[in-house]
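Student: The listed protein sequences correspond, in order, to chains A and B. Last residue of the first sequence? That's 304 in the working numbering, and every number before it is there in order. Last residue of the second sequence? That's 1355 in the working numbering, and every number before it is there in order.
Keep in mind the hints are simulated off the structure, nothing from the lab. Worth double-checking, as some hints may not be accurate.
In the DSS-like style, the derived pairs of lysine-lysine whose C-alpha atoms are separated by at most 27 Å in a straight line are [to be verified]: (1) A:Lys80 / A:Lys281; (2) B:Lys1309 / A:Lys105; (3) A:Lys163 / B:Lys1205; (4) B:Lys1309 / A:Lys155; (5) B:Lys1055 / B:Lys1205; (6) A:Lys237 / A:Lys80; (7) B:Lys1205 / A:Lys165; (8) B:Lys1273 / B:Lys1205; (9) B:Lys1327 / A:Lys155.
Here chain B is said to cover these stretches of chain A; the calculated rule only asks that three of the stretch's residues, wherever they fall, bring their Cβ under 8 Å from a Cβ of chain B [unchecked claim]: (10) 137-143; (11) 171-177; (12) 199-208; (13) 243-249.
Note that the Cβ used here is the ideal one computed from N, Cα and C, for glycine as well.
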Amino acid sequence: MLSIENLHVSVGDKPILKGLSLQIKAGEVHAIMGPNGAGKSTLSHVLSGKSGYTVTSGTVTYQGNNLLDLEPDERAREGVFLAFQYPVEIPGVSNIYLMKAALNAIRKHKGLAEVDAMDFLTLVKDKVKLLEMDESFLYRSVNEGFSGGEKKRNEILQAAILEPSLCILDETDSGLDIDALKVVAAGVDSLRAADRSFLMITHYQRLLDYIKPDIVHVLADGRIVKLGGPELALELEAKGYHWVEEQVA
Amino acid sequence: MSAEQIISQYPAEYKKIADALPGQSIAWLALLRQDSVQQFSAHGFPSLREEEWRYTNVSAIEKKLFSPASSSEIGAIEIDSLNQYLIQDAWSVVLVDGHFSASLSKLDGIPEIVTVMSMSAALEQCADLLEKYFSQSVDSKEHGFVAFNTAWFSDGLFIHVPAKQVLAKPIQILHVVTQAGFMANTRDIIALEESAEVTVVETFVGCDEAYCSAAIMEVSLAQNADLTLYKLQMEGEKAYHFGGIYVKQDRDSRFTHHNFAFGGLLARNDIHTDLGQASECDLNGLYLGVKRQHIDNHTRINHLQPHAISHELYKGVLNQRAKGVFQGRVLVAEQAQKTDSMMNNRNLLLSDDAEADTKPQLEIYADDVKCAHGVTVGQLDEQSIFYLQSRCVDKQTARNMLTFAFANEMVEKIKLPELHDMVLAQLLQRFPQAGIQQDWL
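So that you can see chain B by itself, here it is in the shape it has in the complex (with noise of 0.2 Å):
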């Protein structure tokens, strides 16, 4: 079968699904699955001949079909299994298959007033606040995913916090997907009001066959919120991951983004930010390529109202026939003077085969700003090495302790102790070199 057969199979196989969707009976959003469905009926999964797609080649999905699951197929899923992914001192959310579980989640003790609830409940629940928010930060016309999110997302989450709320724990989000070839779908939106305050960390996990997870989520910050995101991607090694996260800053707002790319066979993030006047967004990647891993991360940082500020940092480490691709675009609007801008990627190749492609974008439009921009890809520094060698630290532990350090510098830079030590475990775990050791910190 032809990939053209196959993704138009895509609309019949998730038409199937359709009654059982949520939030079907909402005019709204019924209105909005339906042009969706239209819009990816007419373009499909985005292709190479799209700029913003040129160095990720998303075919391979096209060539199989990845079937959504119904409620009643997820896999069953014992707790234990998944403590290792989860924090304790955090509200938790558990989304099996793209379904909300409400028997691994653990939601007791928010404050009434703040909302944290499937995305299916908060459908029957609170539709007129959802309709407020939703596809409001990204629409249907983005690209194919957004699209085919919004026309089949079989559930996810809703977090609503009123103004001036501190939340004191984090809320974690996991992801599992339990079965090869289906395709958990899911949409999260966060709606700060002003002066609030939350932690959220996404985390992503999976079977080792090949699977397809897709996750949208909208974000929407008043005046004065501040939200801090963690995303934790560690899908099995045949895993296809697409997230997107789009955010809305209002003026004074502050949102922080620590990346961690480092499962799938084919990974791509979009993190687009919109920012207000004199808001605030601090955006942090590392992603660790190996095998024949292609980790695409993709921003965009729309500079709107002045005396906004923006710092970026990715780092990637590449090793064997790994493919890293970083995109980030930084649009200044004529209007946006004062702009404040910073970004960075750096590139670890360890290998001679592994890549990195590279591409910073910078649009200014107005003429009072402070923008700067360093992309670098290399290798490990042979200074750094002969130094370490002449204080007596064999070449190849050197080497080891070289990537780990630059790599450590982001995961460093988490503030959730039990997140930080799981990030730092993985680190160490996705470094198959012997010798590598914690006590290098």
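One chain only, chain A, in its complex shape (with noise of 0.2 Å):
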């Protein structure tokens, strides 16, 4: 599905990867955990394809082509979506028609036509559902005036329409209180599929709780220092990231 080789990239003259080397097959569950300041939301950055970073070597290849070649919205339509550490609001589009909207591109990338309008609602529906939203977010505009939970709620439901190939999480479990954190863990769990890979990027090893990993990477300054099953973070939170760092070091 992914194979990140040996990957580099620095924000202006900043190396901030430094080597960096995953490879996750179809339907796996990979979590990245790390200390602040490792890289952590910079590969989910460059695995989007946000502006602003430089790779200077090192390849990312996703289902047989250069990801990197993109842009942000063909990677999207070709299956890698990226639930937001802090979803974006925008006034004035609605969440209902941006789903609508990113949904019928991705059939129409695929070469099918465009979703019929009731069912597509009743798919919306059944979703919410799910994540035990209110129908009314769907007619608010994208994430205004949303909660934190609310906002991460919504990027789960946005994963759950779109059934991408390739989920990145980043930091979702950030700012949930214990019960968001169990419907959105849920949700996420509902997604799990033998062709859908996961990519979960987390400081703390809680959300790992209730989405058990099949292997865990630690990332420290820049490079993949650790790999492990789930018993990894276990370990990481009882024995703190200093513990990776010194072993490295």
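Please dock the two separately framed chains into a single complex, following the hints provided.
Tutor: Next comes the structure, spelled out in structure tokens:
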């Protein structure tokens, strides 16, 4: 699904990622953990195509193609979905419209006809229930006036409708209380499928209590410094990131 | 010929029509016109040296002589060609080249005690009533256009609504200029007695050639009266537009203004209101500039008595080489305690050559007030563009969507469905980019 080889990324003159490598197979759930400033968000931004980052060397191959060649919207149409750490408010553009436009763009890209309006409504309402959201959120402007938790639910709602192949969750657990975390986690869990991979970026282990990863990577100083199963997350929680950093040094 | 020579030609040119101007036999008006002629002859049109005009150079109209159309010269117009601008569910008054057209207007069914008639008819039939309002909200010393307008207005509209009357339908005033080189110079008066309520729509359109449209409106709102006024300015692209709306608000009255400035090569609006005790004004504006358009909106809110509320939001979208000007002045007099005032101006620049000059001015002489103002001039937010892109929307469409959403906030405030759709259509038409879709909303 996704293969990152020796990726080096700078912001301005400052190197952030310094030789990161990562392989994700279809259907796998990977977690990337690491201390603040390790480069976690940079990784999610580079994968989704945000400007302001320079790839100085390395490759990112997604479904056999060079992902870095594509514009952000092309990546999205190819099935890469980023759930934002800080979802952006778009006043004046309705939430349901954006979801429909995005879904139709993907369908067009696949050579399919536009989604039927009634079918779409049924689909959306179904997913809204899953995420325990009020239907009124559909008709409000994208994220405008949503609370932190509502914004995160809305991100997962979009993922549920767009059915991406690669779902990148950037600190999806941050700012959520325990009840909201359970709902969001259940939403993510329901999306797990044999042809869908997840890259969960998180600072804390608690999200992983609800969504069990296949592989946990520890990112420190721009590189993957440790790799393990779900137990690694628990170990990190107990011993702190300092423990890994010491091991590397 | 130099600009000064042309300026001196204006009085000469307009002297030719003096005899035909309405109300010449009315002593108070004749005197007022005379004073205004003198005022204009001495000072001319406003210059950049005047603080209130420093961003807007009107010298172009001094380089060319715009002539008045006599009532016999006005262009022939079929009502069919105007239907696209007319709200069907409204009473309408059509002014062609500055003259009232009875055949194009539709006033049947207005309650008898309500007066809606052309200014020329009002001067014949109810000059005494008019005198109570004429030149009361603004006088000829305000600036050159007011003097010019008072001296030579050819017609206009008079609306008088007696106490407690609430009109069931809006009244629309459609200004049309049909020929190159014409100047339409009109005067409107709207007077609402105690607790009266009405909605008025002003629409300005014209031909593709250079012409000038100058419209001064005076509004008088008695206690608890309520006026909602929409202005839809979609003059031809070579036109000069000068509009002034001067409002006097008695206690507890409400004035809501929606100002859509879309057309004209050079367009200037002055909106002034004097707020009485516990009165409210809500000023909304949207200006869209393309090519070399220059659009200036100048508002002045005078809090003269305690407990009044003023809210103002003006938004501008400027593309290509267009220039937008916003000057917003709020004055809070010493006795106007408990004033609540909020003023905002937001500008979106879509090109490197577009320009926005914005100048909020607060003068506060009272000590127990709540006054806020905010101004922004910026480009589309990169974070928002990226967010939309990450949701499959291509970059250009994302830009269009955000621009459209920014402007549409002001369109959404329109409470008349027909007018809403008309303005929305204008908004869509004035964004040349492909792929703008109504269902984004």
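Student: Compare the structure with each hint and give your call.
Tutor: Hint by hint, here is what the structure shows:
1. Distance restraint check for Lys80 of chain A and Lys281 of chain A: the Cα-Cα separation of roughly 18 Å lies within the 27 Å cut-off, and the hinted pair is therefore satisfied.
2. Among the hinted pairs, Lys1309 of chain B with Lys105 of chain A is consistent with the structure: their alpha-carbon atoms are about 12 Å apart, no more than 27 Å.
3. For the hint pairing Lys163 of chain A with Lys1205 of chain B, the CA-to-CA distance comes to about 35 Å; that exceeds 27 Å, so the pair is violated.
4. The straight-line distance between the Cα atoms of Lys1309 of chain B and Lys155 of chain A is roughly 17 Å, inside the 27 Å bound, and the hint therefore holds.
5. Between Lys1055 of chain B and Lys1205 of chain B the CA atoms are separated by roughly 34 Å; this puts the pair beyond 27 Å, and the hint is violated.
6. A hinted pair counts as satisfied when its Cα atoms are at most 27 Å apart, and Lys237 of chain A with Lys80 of chain A qualifies at roughly 26 Å.
7. A C-alpha spacing of about 39 Å is found between Lys1205 of chain B and Lys165 of chain A, which places the hinted pair above 27 Å, so the restraint is violated.
8. Restraint check: the Cα-Cα separation between Lys1273 of chain B and Lys1205 of chain B comes to about 23 Å, which is no more than 27 Å; the hinted pair holds.
9. Distance restraint check for Lys1327 of chain B and Lys155 of chain A: the Cα-Cα separation of roughly 25 Å lies within the 27 Å cut-off, and the hinted pair is therefore satisfied.
10. For the stretch 137-143 of chain A, the assignment as covered by chain B holds, since 4 residues bring a beta-carbon within under 8 Å of that chain's beta-carbons and 3 suffice.
11. For the stretch 171-177 of chain A, the proposed coverage by chain B is not satisfied: 0 residues have a C-beta within less than 8 Å of a C-beta in that chain, short of the threshold of three.
12. Only residues whose beta carbon comes within less than 8 Å of a beta carbon in chain B count, and the stretch 199-208 of chain A has 0; fewer than three means the coverage is violated.
13. For a cut-off of 8 Å, the count of residues in the stretch 243-249 of chain A with a CB near a CB of chain B stands at 0, and the three-residue condition is violated.
The structure fails to meet hints 3, 5, 7, 11, 12, 13 from the earlier list, while all remaining hints are met.
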